[in-house]
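Residue numbers (the numbering used here), protein chains in the order written: chain A, 1 to 324; chain B, 325 to 776.
Mixed in with the good hints there might be a few duds.
[Said to hold, decoys possible] Pair by pair, the computed Cβ-Cβ distance ranges are: (1) B/Leu503 with A/Pro238: 57 to 65 Å; (2) A/Asn301 with B/Lys566: 57 to 65 Å; (3) B/Lys566 with A/Ala222: 34 to 42 Å; (4) B/Val344 with A/Gln273: 40 to 48 Å; (5) B/Ser356 with A/Gln273: 56 to 64 Å; (6) B/Asp628 with A/Ala222: 55 to 63 Å; (7) B/Ala550 with A/Gly139: 52 to 60 Å.
[Unchecked claim] Taking beta-carbon pairs under 7 Å as the criterion, some of the chain B residues facing chain A (in silico): (8) Val467; (9) Arg470; (10) Gln474; (11) Lys483; (12) Gly486; (13) Val642; (14) Ala772.
Don't read these hints as lab results, they were simulated from the structure.
Computed from a predicted model, the values in this text were never measured in an experiment.
C-beta: ideal position from N, C-alpha, C; glycine also.
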Amino acid sequence: MEFRDAIRDAMSEEMRRDARVMLIGEEVAEYNGAYKVSRGMLDEFGARRVIDTPISESGFAGMAIGAAMMGLRPVVEFMSWSFSLVAADPILNNAPKMLFMSGGQFGCPIVFRGNDGAGGQLGSTHSWCVEGLFSNVPGIKMAIPATPDDAKGLMKTAIRDDDPVFFLESERLLGLKGEVPVGEDVLVKFGEARVRRAGADCTIASWGRPVHFCLEAAEALAKEGISCEVIDLRTIRPLDIGAIVRSVKKTSNLVVVDQSWSFGSPGSEVAAQIHQRCFDDLDNHVHRVHTEDVPAPYAFNLEQEYLPNARKICEAVRSATYNA
Amino acid sequence: MPISVTMPRLSDTMESGTIVRWNVKEGDAVKSGMVVADIETDKATMEMPVFDDGRISKLLVPAGQQVKVGTEIAIILEDGESDDAAPTARPVATAPAATPTAVRSAPAATSAARPGIPQAAPADIELDEELEVGGAKFRVSPVARRIAEQERVDLSGLKGSGPGGRIIKRDVLNALENLGSKPAAAKSSSMSTAAHATTGSLAVPVTPTARSTGLVMAGLQSTEVAVSSMRQTIAKRLVESKTTIPHYQVSMKFELDRLMALREQLNKDLAEQEIKLSVNDFIVRGCALSMAKHPYVNASWAGDRILMHQQVNIGVAVALDESKGGGLLVAVIRDVDRKSLRTISSDTKALSEKARTRGLSAEEMSESTFTVSNLGMFGVEHFTAIINPPNSAILACGAALKQPVVRGDELTIGYEMTATLSLDHRVIDGAMAARWLNTLKHLLENPATLLV
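Starting from the given sequences, assemble the full structure and let the hints guide the process.
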C-alpha cells in the first residue's frame with residue numbers, strides 16, 4: 001500500500017468508527033485531494049463530513065478549531081504546510097493554548113495535516129519544513145512518519161488524541177509503498193521511537209523522509225566497517241529521548257539528521273538534551289545534519305544539496321567516529 | 325602594593341602541594357624569612373618561608389587543601405596598606421611544570437610571585453602546560469575518561485588518536501585489549517547486530533563485574549589504605565618510567581674478596597674516627613669513576629637529543645619505614661667522582677637519615693644523573709630496578725655473599741655480588757652497558773683504585 005493510501009485508510013477507518021470525525025481543506029472533496037490522499041472519501045462520507053473550502057487557510061483552520069471546541073474532531077488538510085503560515089494565529093496562538101487558557105473547559109481535538117518540506121522544485125515559499133518553527137509551541141503534538149505503516153498508525157492515534165496534533169507528511173514519500181497492517185486498533189503510540197537498524201559505533205537519529213537517507217548512509221558505512229544504529233523518532237512532541245539515550249550509551253556517538261533549518265530546531269534540542277543526559281557516555285560531540293541555512297533553491301541539483309542526504313550523513317558519522 | 329604568595333615548587337617533580345598547617349592567621353605581622361606554613365610535597369613536609377615584611381591580609385587556601393604549584397595561597401600587605409588594596413581571590417594560576425627531561429629548574433625561592441612582574445595569562449599557561457608536559461595533562465573524550473576510570477587504565481600511557489591527540493574510546497578499549505582483558509562490548513565489529521535487531525537490546529556496554537587488572541576480586545576481604553602524596557608520586561613516576569622508557573637489563577658478578585678485606589681493614593683503622601664504610605659506599609664511588617670512561621651512562625634522553633651531564637650526581641634509593649606506609653626517596657650525593665670514600669660515606673649516612681625523617685631539602689632530592697639501589701643488606705642476591713627518570717640507568721646491587729667460587733682453577737670460598745644494570749636503550753646500547761660494567765668490575769675487584 002502507498003503512503004498516501006495508508007493515511008486515507010486511517011482517516012476513513014476513524015470516520016467510520018467515530019461520527020464526530022470530519023475532513024476539511026482545499027480540494028479535499030471533489031478533487032479527491034491535491035495529492036489524492038482523500039481519494040473516494042467524499043463518495044463514502046458525503047459533503048457534510050468531507051468539506052471543500054476556498055483558499056482561506058486562516059478561515060478554515062479557525063473554523064475547524066471552533067468545531068473542535070464544540071465537540072467535533074476535525075482533520076484539517078493544508079495543501080502544503082508552507083501555506084499554514086497564513087493560519088499561524090489560529091493554529092499556533094489558539095489551538096495549542098485553548099485547554100490551558102480556558103482553564104480546562106475546552107480542549108482542541110484536531111489534526112492539522114499536509115505536505116512538509118522541500119524536494120519537489122516548488123520554490124522557497126512552498127518548501128518550508130515547519131517542524132523547527134512549530135515544535136517550539138507548548139501544547140501541540142507533532143507526528144512525522146517515515147513509512148506507510150507508521151503513517152496509518154500515527155494518523156489514527158492523532159485523530160483519537162484530545163490535543164491538537166500537527167501531522168507532517170512528505171510529498172516525496174506519498175508514493176512510497178510498504179506493508180500496512182489492517183485493523184481498527186493498529187495504533188502507533190506517540191513518543192515511542194523505533195530502531196530501524198541496530199548498530200554499535202554511532203547512533204543516527206531522525207524522523208520523516210530523512211530516515212531513508214540515514215538507512216542508505218548506514219548501509220554504505222557498514223561496508224567501511226562503521227556500524228550505525230538508526231532510530232526513527234516518529235514523533236517530535238512527545239520526543240522519545242530515552243531511546244536515543246539508551247542507544248548513545250551503547251554507541252557513544254550521535255548524529256542527528258533533521259530536514260529543518262539548524263537554528264533552534266528539533267535537531268538542536270536533541271543535541272542539547274543528549275549532551276545534558278549522556279555527557280559521560282559521549283566519545284565526541286553530537287553531530288548534526290540539517291538543511292542548509294538558506295531559502296530552498298528551485299534548481300533540482302541545488303535542492304538536492306540543500307537537503308540532508310546520505311553523503312552528508314556519511315561525512316558526519318565518519319567525523320563523529322573519528323574515521324574522517 | 326599587595327604581595328601575592330603562591331604555592332612554591334619545592335622539588336623537581338612537585339606539581340601540587342598540600343598546606344598541612346598555616347602558622348599564621350589573617351592580620352598577623354610577618355617578616356622576611358618567617359615560616360608561615362608547612363607544605364606537604366610529593367616527597368616531604370617542608371617549611372615555607374615568606375620573603376617580605378608586612379601583614380597577612382588573606383589566607384586564600386585552607387589547611388588540608390591541595391593546590392597546584394603557582395596557585396595564589398595568601399596575600400601580604402605592606403605597612404600602611406589597607407585591606408581594600410588586597411585583590412579578591414584570583415583563579416588558579418599554575419607555573420609551568422618541569423619537563424621530565426629538564427636538568428635544571430628554577431630555585432624554589434623564586435616562586436613567590438610578585439604583582440607588578442608581568443606574568444602570562446593563566447589560560448596561556450594552561451595551554452603551554454598541556455603541550456609541554458605531554459603525559460601530565462590529557463585531552464580525553466568523556467566516555468574514554470569514564471571507561472578508563474572504571475577499568476583503571478592509566479591514561480598517561482596512552483596516545484590519543486583523536487584530533488589534537490584526544491584520547492578516545494577506541495584508544496582505551498585497545499589498551500584494555502592489550503592488557504589481555506575484553507570488556508563486555510569492546511569493539512563494535514564483535515557485536516551481533518542481528519541480536520540487537522531481534523531483541524531490541526540497548527544495554528550499556530561496559531559493566532565489568534571485576535576489574536580487568538584483577539585488582540578487585542569478589543569475596544576478598546581487604547582494608548583500604550589512603551594513598552599519600554608520596555605514594556601517588558612513586559606510582560605515577562614508576563608507571564611513566566616503565567611505560568615510556570625502553571628498559572633492558574644487564575647483569576654481572578663481581579668478586580669482592582679484596583674489597584671486603586680492604587673494607588674490614590679500613591673500618592678497623594678508622595674506628596677511632598667513628599667512620600664505618602659500607603659496601604655501598606665503594607659501589608657508589610666505583611659507579612662515579614666509571615662515568616669518566618663511559619659518559620653515556622651519565623646522560624638523559626631529552627626527546628630529540630641526549631644530554632650528557634657534566635656532573636656525576638648519584639642518587640641512593642632510601643626505603644622509608646614500612647610501619648608508616650613505606651615509600652622511597654632518592655637522596656642525591658653530588659659530584660661523587662670528586663669525593664673521597666670517607667666523604668661519600670658520611671654524605672650518604674647524613675642524607676639517608678634525613679630521608680627517613682622526611683627532612684631532605686629539595687636540592688638534596690633533585691638533579692641525580694644515575695641511581696644506585698641496594699638490597700644487599702636484606703640478603704637479596706639479585707633483582708632488577710626501574711629507572712629513575714630522567715636518569716638513563718640504575719644499578720641494582722645484591723648482597724656480597726660468601727660462597728663457593730672458582731678462583732683460577734681452584735674451587736674456594738670467596739665473596740661474590742651480582743649487580744644488575746637497568747638501562748634506557750634510547751641512550752645506552754648493550755655493548756656500552758657491558759663495557760661500563762666491566763670498568764666497574766675492575767674498580768671493585770681492585771679496590772685500591774677507589775682510594776686514589
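Hint-by-hint comparison with the structure:
The beta-carbon spacing between B/Leu503 and A/Pro238, approximately 44 Å, falls outside the hinted interval of 57 to 65 Å. Take A/Asn301 and B/Lys566: their Cβ atoms lie about 59 Å apart, and the range 57 to 65 Å holds. Our hint of 34 to 42 Å for B/Lys566 and A/Ala222 holds, since their Cβ atoms are close to 40 Å apart. A beta carbon spacing of about 45 Å between B/Val344 and A/Gln273 agrees with the range 40 to 48 Å that was offered as a hint.
Separation of B/Ser356 from A/Gln273 is about 57 Å and conforms to the stated range, judged on CB atoms against 56 to 64 Å. As the Cβ distance of B/Asp628 to A/Ala222 is approximately 43 Å, the hint placing it in 55 to 63 Å is violated. At roughly 56 Å, the beta-carbon separation of B/Ala550 and A/Gly139 lies within the given 52 to 60 Å, and the hint holds. A hinted interface residue such as B/Val467 counts as satisfied when its beta carbon comes closer than 7 Å to some beta carbon of chain A; here the least separation is about 5 Å, so the hint holds.
Because the beta carbon of B/Arg470 sits about 5 Å from the nearest beta carbon in chain A, less than 7 Å, this interface hint is met. With 7 Å as the threshold, the beta carbon of B/Gln474 stays out of range of chain A, its nearest partner Cβ sitting at about 10 Å, so the hint is violated. Taking 7 Å as the C-beta contact cut-off toward chain A, the hint placing B/Lys483 at the interface is violated, the least distance being around 14 Å. The beta carbon of B/Gly486 comes within 5 Å of a beta carbon in chain A, closer than 7 Å, and the hint placing it at the interface holds.
This hint is violated: B/Val642 has a C-beta 42 Å from the nearest C-beta of chain A, more than the 7 Å allowed. Annotation: B/Ala772 was flagged as interfacial toward chain A, and the flag is violated, the nearest CB pair being 65 Å apart, outside 7 Å.
The structure does not agree with the numbered hints 1, 6, 10, 11, 13, 14 stated previously, though it agrees with the rest.
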